[in-house]
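**Student:** Chains as they are written, first to last, in our numbering: chain G, 319 to 368; chain F, 65 to 329; chain B, 5 to 158.
Incorrect hints may have been included.
Example chain F residues on the side facing chain B (calculated, C-beta under 7 Å, incomplete) [said to hold, decoys possible]:
hint : residue
1    : 186
2    : 188
3    : 218
4    : 253
5    : 265
Anything over 12 Å on all C-beta distances counts as not near chain G; from chain F, calculated [said to hold, decoys possible]:
hint : residue
6    : 66
7    : 123
8    : 139
9    : 200
10   : 217
11   : 236
No lab work stands behind these hints: they were computed from the structure.
Remember, it's a predicted structure, so these values are computed and weren't measured experimentally.
Using N, Cα and C, we set each Cβ at its ideal position, and we do this for glycine too.
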Amino acid sequence: MSPMSEFFAMGGYAIYVWSAWGLTALVMTANLLLPLRQCRKLRIELEQPE
Amino acid sequence: MSVIKEYWHKLSSAKHFYPIAGALLPWFLIPALLMLIWGSWQGLVVAPADYQQGDSYRIIFVHVPAAWLSMMAYMVMAINGAIYLVWKIKLADIVAESAAPIGASFTFLALATGSLWGKPMWGTWWVWDARLTSELVLLFLYLGTIALRGAIDDRQRAGRAAGLLGLVGAINVPIIHFSVEWWETLHQPATVSKFSAPSMHSSMLTPLLVMALAFTLFFFAVLMVKIRAGILEQERHSRWLSALYAEAPETTTTYSPEGEPGRNG
Amino acid sequence: MKKRHRKLLFIVIGMAGLAAAAALVLNAFSSNLVYFRSPSDVAAGKVNTDNPFRLGGMVREGSVVRVPGTLKVSFVVTDYEQDVAIHYDGVLPDLFREGQGVVTEGRLDAEGVFTAHTVLAKHDENYMPPEVADALEKAGKSADGSDLSPSATP
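Starting from the given sequences, assemble the full structure and let the hints guide the process.
**Tutor:** What follows is the structure, given as structure tokens:
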């Protein structure tokens, strides 16, 4: 096995390890991006009052 | 004394904390992201496989920081809820409200990654032992405070009710921590604790500690953004916010009032 | 100012009362909070063996016997003071091995044999590369760096 495919295989635990890490990446990205977007939306509302 | 008092007064006012939170954001976020990258590379690539668990133990580098954060975020929420109950500081209520969803998401992450680790190693996705059950209770406590805020329209009453539930639920945090020592559990005792030398080889321990610190800094980065959003929401009609944004010239993209940071974030 | 202090005192007393109540409740239910019982508990008659229960301990070295061609396996669970023989027919977790902790779920029969329908592996809090574990073993120490002691909890 090449070092690369060996890395992705995670010694046979690929599903578990990559699911856990993938889920973590997803949750952290959402945690950061959603409030940033909300903050921008609120600021735009303040800058352009109807 | 009066200087400290004045400083505290300024720090605890939404108007003054708004730009502070914006200025603090990059100081939390940039180190957090750098450490996340380094820790992930170390944890997934550089650290050796475990002598018993092989590569499956690499889940620890996200599981333990998430679990640690789930408890730390709760303490931030509970303490700020208590401050709001006693001193009625609006900012503390905003902090408590902001911490809850972040904490809930990391509690979910701790449970989910633990489940993904338990299946191959223990042979089960879930057991009702004291550690896992108390962590699940933590998730329900978070969801309870969020639901209470959603259910009560009056902002002050909502903050008090959520603060009280958060405070009462804080009893669960030491229970989670000590559950593995007080009762026989399927979950193993802590690898890293204050009271004894860590039972982990340094090649694995360093990335774990870096990841835990990265998660902590990340929490505060997100907290700053959410606090700013909370202040914007609550102080929408206040004069200082209008002065900051609404009366700015039309070219909003180039003009930054008072050199206010975080605008492009 | 005074009202505020009273409120703070109220919260402090409330928290203390709550902590005491929680301690009492946890203490009362602590036998239910115990996830598994040890072979010594069984020998001492602390476990109601009429009902199924969870038995935890270490898999005794050299005790694992597999029936060829089937998933049937038998082994001995020990806490280094008492032993219980286990019969199991099913898939074992990856971490199941001799000298490691397990929690089994099942029933104890009149002959003292425990028939398990579930076997879960319990691991310890130690993590190290294989080379380090080998070196420790050569130095005559257990993998967690401590001397092999019979009182080690599973």
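**Student:** Run every hint past the structure and note whether it holds.
**Tutor:** Each hint tested on the structure:
Using the Cβ-Cβ criterion of 7 Å, the hint placing residue 186 of chain F at the interface with chain B is satisfied: the shortest such distance is roughly 5 Å. The closest approach between the C-beta of residue 188 of chain F and any C-beta of chain B is roughly 6 Å, which is under the 7 Å cut-off, so the hint is satisfied. Below 7 Å, beta-carbon pairs count as interface contacts, and residue 218 of chain F has none with chain B, the closest being about 19 Å; its hint is therefore violated. A least Cβ separation of about 5 Å between residue 253 of chain F and chain B falls short of the 7 Å threshold, and the interface hint therefore holds.
This hint holds: residue 265 of chain F has a C-beta 4 Å from the nearest C-beta of chain B, less than the 7 Å allowed. Non-interface status of residue 66 of chain F relative to chain G is upheld: no Cβ of that chain comes within 12 Å, the nearest being about 34 Å off. A cut-off of 12 Å between C-beta atoms contradicts the statement that residue 123 of chain F is not in contact with chain G; the least separation is 4 Å. Listed as outside the interface, residue 139 of chain F is consistent with that label: its C-beta sits roughly 18 Å from the nearest C-beta of chain G, beyond the 12 Å cut-off.
Listed as a non-interface residue, residue 200 of chain F keeps its Cβ farther than 12 Å from every Cβ of chain G; the least gap is roughly 17 Å. Non-interface status of residue 217 of chain F relative to chain G is upheld: no Cβ of that chain comes within 12 Å, the nearest being about 20 Å off. The Cβ of residue 236 of chain F lies farther than 12 Å from every Cβ of chain G, with a closest approach of about 22 Å, so its non-interface assignment holds.
Against the hints set out earlier in the document, violations occur for numbers 3 and 7.
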